[in-house]
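Protein sequence lines, in the order shown, are assigned to chains A and B.
Under our numbering, the residues of the first sequence are numbered 564 to 784, in order.
Under our numbering, the residues of the second sequence are numbered 564 to 784, in order.
Wrong hints could be hidden among the right ones.
Same chains, same label: a pair holds when it works inside one copy or across any pair of copies.
To be verified - Pairs of lysine-lysine, DSS-like flavour, derived with a Cα cap of 27 Å:
# : residue 1 : residue 2
1 : 767       : 745
2 : 713       : 583
3 : 775       : 692
4 : 713       : 745
5 : 745       : 628
6 : 757       : 582
Honestly, the hints are just simulated from the structure, not real lab data.
Protein chains: 2
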Amino acid sequence: MTDATSGMLTPGTLDLFSKKTRDQILAMSLILFNQRGFGAVTTASIAEKAGVLEGTLWYHFRSKKDILAAHMELLQTVFAQENTSSDSSDAEVIIEGIFRSYDVIWDFRYMLRDDFNTLLKAEDPELAKVLSINEFLDGWTEGRMLHAAKHGLLDFGQEDPEAVSEIILVLGRYWMDFSHKKYPEAEGSALRYKGISHIFTVLKPYLSKAAKELVSARLSA
Amino acid sequence: MTDATSGMLTPGTLDLFSKKTRDQILAMSLILFNQRGFGAVTTASIAEKAGVLEGTLWYHFRSKKDILAAHMELLQTVFAQENTSSDSSDAEVIIEGIFRSYDVIWDFRYMLRDDFNTLLKAEDPELAKVLSINEFLDGWTEGRMLHAAKHGLLDFGQEDPEAVSEIILVLGRYWMDFSHKKYPEAEGSALRYKGISHIFTVLKPYLSKAAKELVSARLSA
């Protein structure tokens with residue numbers, strides 16, 4: 564990857580992209596869509612940022628919708644990878660999984676944030692897909708919480724686990740948007756860190772002692 | 564007020580509107596903007612819902628931006644009213660104030676939700692005003708929390724009050740949007756209730772015993 568991407572995506576997501584032209588275009592468009600929104604970014608600006616001619620971009624992708632489709636495939640690959648460890652009962656693996664899911668959601672945040680009902684047409688096949696990915700990510704987050712509870716890392720006691728999951732989902736989904744508006748000058752990585760700390764502030768009353776230690780070690784790493 | 568508004572706005576906000584034509588137009592446009600977004604609502608549909616001719620609407624307001632400006636004035640009046648009790652050290656008044664602020668934010672939610680940077684032009688005076696109202700509401704919420712803490716209703720202990728405030732702000736601001744997408748069939752009043760319960764789920768670990776009782780009495784009322 565070129566220097567332009569360093570710090571803009573988490574290391575785990577950067578690893579998904581090879582040095583090939585097609586992957587460079589995908590990485591740069593992901594960064595631009597996250598920064599400025601899918602609707603506001605032109606293919607010309609993506610080509611410029613990726614250091615290729617616009618014709619080269621057209622050779623790989625016919626439209627921004629094609630790029631969106633490729634990003635969605637990539638996201639599904641990542642979640643398929645995460646899925647292989649999702650049944651683990653190991654506390655460290657479970658906590659690491661929560662951090663990793665958050666990073667992925669952050670790195671692909673334009674898909675959760677932008678209003679595709681306005682950006683795409685009802686007949687675009689990408690519309691149904693991006694809406695179903697949004698639904699999938701909500702279900703996934705709730706599943707991770709219930710899994711952590713099942714293995715004793717979280718104890719909701721009298722609280723309704725669904726309520727706590729919804730609070731986490733709202734934070735995971737909108738913190739990025741809120742924090743960019745509230746702290747326009749802040750670095751993305753600092754805001755990302757603040758968001759995951761907020762999520763664990765909400766979870767703190769329900770975390771087991773062991774989970775609390777793992778989380779604070781991971782947060783101060 | 565006509566039947567069309569019942570349940571769409573909280574009683575406290577409904578009280579702001581007289582039976583005069585101008586007020587009917589303001590109430591109906593508030594409901595429509597909240598439901599469908601400022602950008603998607605036409606003056607024709609507002610006139611129809613208010614039961615007046617479009618010419619009558621034009622007599623009172625030259626444009627949707629004029630209606631937005633009137634809503635902003637109304638919101639400022641409401642917060643000026645709330646301000647008269649904002650220094651109270653009475654636990655009941657403080658808790659009631661949190662509920663009332665949430666209701667007002669809910670009733671005027673299109674102002675916090677819609678992206679006015681896209682909907683208005685940079686030179687529209689309404690743009691700067693709506694952005695500053697957003698900033699004001701964030702500061703207000705944080706102020707209410709710190710005030711409650713000062714009077715012993717909240718004790719943040721080792722937690723950072725700013726972190727907890729930001730979590731509440733993200734919930735207050737985005738729950739409406741999230742819940743409408745997640746529960747498209749649900750009644751607005753049920754979603755509003757769920758949102759305020761979620762806010763108190765976050766605050767629960769920090770609430771004093773007296774505050775906890777007041778909150779649960781108010782939530783089950």
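Tested hints:
no., hint, verdict
1, 767 - 745, "both (24 Å within a copy, 25 Å between copies)"
2, 713 - 583, "neither (43 Å within a copy, 58 Å between copies)"
3, 775 - 692, "neither (36 Å within a copy, 43 Å between copies)"
4, 713 - 745, "between (36 Å within a copy, 25 Å between copies)"
5, 745 - 628, "between (30 Å within a copy, 25 Å between copies)"
6, 757 - 582, "neither (31 Å within a copy, 48 Å between copies)"
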